[in-house]
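Just so we're aligned: the sequence shown equals residues 209 to 568 in the working numbering.
Mixed in with the good hints there might be a few duds.
The calculated DSSO-like cross-link candidates involving lysine-lysine, where the alpha carbons are at most 27 Å apart (straight line), are [to be verified]:
#1 Lys284 - Lys564
#2 Lys411 - Lys427
#3 Lys241 - Lys393
#4 Lys330 - Lys564
#5 Lys408 - Lys542
#6 Lys398 - Lys411
#7 Lys519 - Lys466
#8 Lys505 - Lys519
#9 Lys394 - Lys471
#10 Lys398 - Lys225
#11 Lys393 - Lys351
#12 Lys257 - Lys241
#13 Lys471 - Lys269
#14 Lys471 - Lys427
#15 Lys326 - Lys257
#16 Lys345 - Lys408
#17 Lys519 - Lys225
#18 Lys330 - Lys351
#19 Lys345 - Lys269
#20 Lys284 - Lys241
#21 Lys326 - Lys412
#22 Lys225 - Lys466
#23 Lys326 - Lys466
#24 Lys449 - Lys412
#25 Lys411 - Lys326
#26 Lys361 - Lys408
#27 Lys330 - Lys394
#28 Lys411 - Lys345
In short, the hints are calculated from the structure, not lab data.
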Amino acid sequence: MLDYNTIETLHIEVTDKCNASCPQCARNQSGGKVNSHLPLVELSLNDIKKIVPVELIHRLKSALFCGNFGDPIVAKETLEILEYFREINSNINLSINTNGSARDVSWWTRLGEVIQNKGNIKFGIDGLADTHALYRKGTDFHKIIRNAEAFIKAGGNAHWDYIVFRHNEHQVEEARALAAQLGFKKFIVKKTGRFFSNSKLEKKDHQDVLDEQNQPIYKIQPPVNPEFHNSSLAREEGLIKQFGSMQSYLETTDVSCKSLQEKSLYVSSEGLIFPCCWTANQMYVWYVPAASTPLHKLLDSHGGPETINAKFNSLESILENPFFKSIQESWSCKSISEGKLQVCAKTCGSSFDQFKDQYL
């Protein structure tokens with residue numbers, strides 16, 4: 209796996225807390241109850257100072273603040289952490305993926321002064337005032353726009369990330385025009401790959417959205433326009449014909465690890481170190497019993513989560529843990545039952561890449 213001396217990018221989930229309840233996010237049950245497996249914690253500036261050596265910050269090309277479950281702007285010291293990185297490395301590319309619907313304009317002004325054009329903030333804005341919160345449940349479109357305007361006015365490089373659904377596909381061009389008017393540097397159309405059941409390994413034609421009592425209140429659907437379809441999902445039927453089933457495809461596909469190619473490492477909100485966000489995601493899968501995934505079992509066989517916690521162990525020693533080597537060795541196993549990690553086959557397999565195909 210990745211050698212400490214070759215790390216170029218850190219992906220940091222500074223918290224697993226969030227102000228939103230997006231129905232296809234792993235932190236909640238389809239927009240309803242919060243994932244009960246989550247520890248609900250955040251990293252402080254002091255934690256970051258323990259986890260990331262100064263010499264590593266000096267040589268990093270980029271640090272991404274995003275993650276699997278939380279929104280970075282909810283954590284108490286995210287801004288101070290970004291300022292710390294910038295103070296040590298004036299050229300590092302700093303970026304955040306966020307729903308943008310927290311904090312006040314003074315906070316966003318400070319953030320713009322830190323980011324400038326050496327990085328970016330990706331605002332997840334999936335529609336206009338009347339449609340945005342159907343997916344970004346619990347957020348305020350008008351507050352997001354005010355925050356984005358403050359960030360942009362302070363010199364920040366803002367990108368508008370627009371996930372296309374059936375309920376907002378008619379607004380793409382209007383949103384693109386608004387983004388240009390407000391000063392966003394990029395407008396990114398995302399062709400969602402999340403209409404796929406990870407438990408059943410098949411496409412879904414809709415997603416029920418639940419309330420806090422886990423009762424259905426409405427549903428969201430993929431777009432009708434083929435221009436906005438995710439090409440991996442469109443290839444599913446062909447893969448089933450070729451391999452017999454999606455399970456058979458995952459059993460046999462070659463794995464080409466994205467994190468190895470990008471020389472990146474993932475830091476969870478607990479301080480746990482993983483190759484990537486996709487492997488880290490397996491720690492807290494809400495629809496299976498706690499601590500029961502194949503990744504848990506692999507980690508437990510190499511000493512458990514405490515051995516990869518960078519609050520108490522150096523990054524160098526963690527990367528020498530056999531756990532990381534075992535992940536790489538799993539890719540050559542002949543089947544999932546013999547040890548191949550399904551999360552690796554699904555995310556970095558040769559013919560099915562929902563993530564990459566969001567942008568193609």
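Compare the distance between the alpha carbons of Lys505 and Lys519 with 27 Å, and conclude whether the hinted pair is satisfied. Distance ~22 Å between Lys505 and Lys519 Cα, so the pair holds.
Starting from Lys241, check that the Cα of Lys393 is at most 27 Å away, please. 36 Å, violated
Quick one, are Lys449 and Lys412 close enough, alpha carbons at most 27 Å? 18 Å, holds
Holds or violated: are the alpha carbons of Lys411 and Lys326 at most 27 Å from each other? 38 Å, violated
Pair hint outcome, Lys330 versus Lys351 [Cα-Cα no greater than 27 Å]: Given pair Lys330, Lys351 holds - Cα atoms ~15 Å apart, limit 27 Å.
Decide if the proposed pair is consistent with the structure: Lys326 and Lys466, CA atoms, cutoff 27 Å inclusive. Measuring from Cα to Cα gives roughly 23 Å; hence the hint holds.
Below or equal to 27 Å on CA atoms is what counts here, so check Lys408 against Lys542. At roughly 21 Å apart (the allowed maximum being 27 Å), Lys542 and Lys408 satisfy the hint.
Agreement of Lys398 and Lys411 with the hint, judged by alpha carbon distance not exceeding 27 Å: 17 Å, holds
Quick one, are Lys471 and Lys427 close enough, alpha carbons at most 27 Å? 39 Å, violated
Holds or violated: Lys326 and Lys412, Cα atoms, limit 27 Å. Violated, because 39 Å separates the two Cα atoms, which is more than 27 Å.
Proposed proximity, Lys466 with Lys519 (alpha carbon, max 27 Å): 25 Å, holds
Would you mind confirming whether the straight-line C-alpha gap from Lys257 to Lys241 stays at or under 27 Å? 33 Å, violated
Hints 1, 3, 12, 14, 19, 21, 25, 26, counting from the list given before, are not met by this structure.
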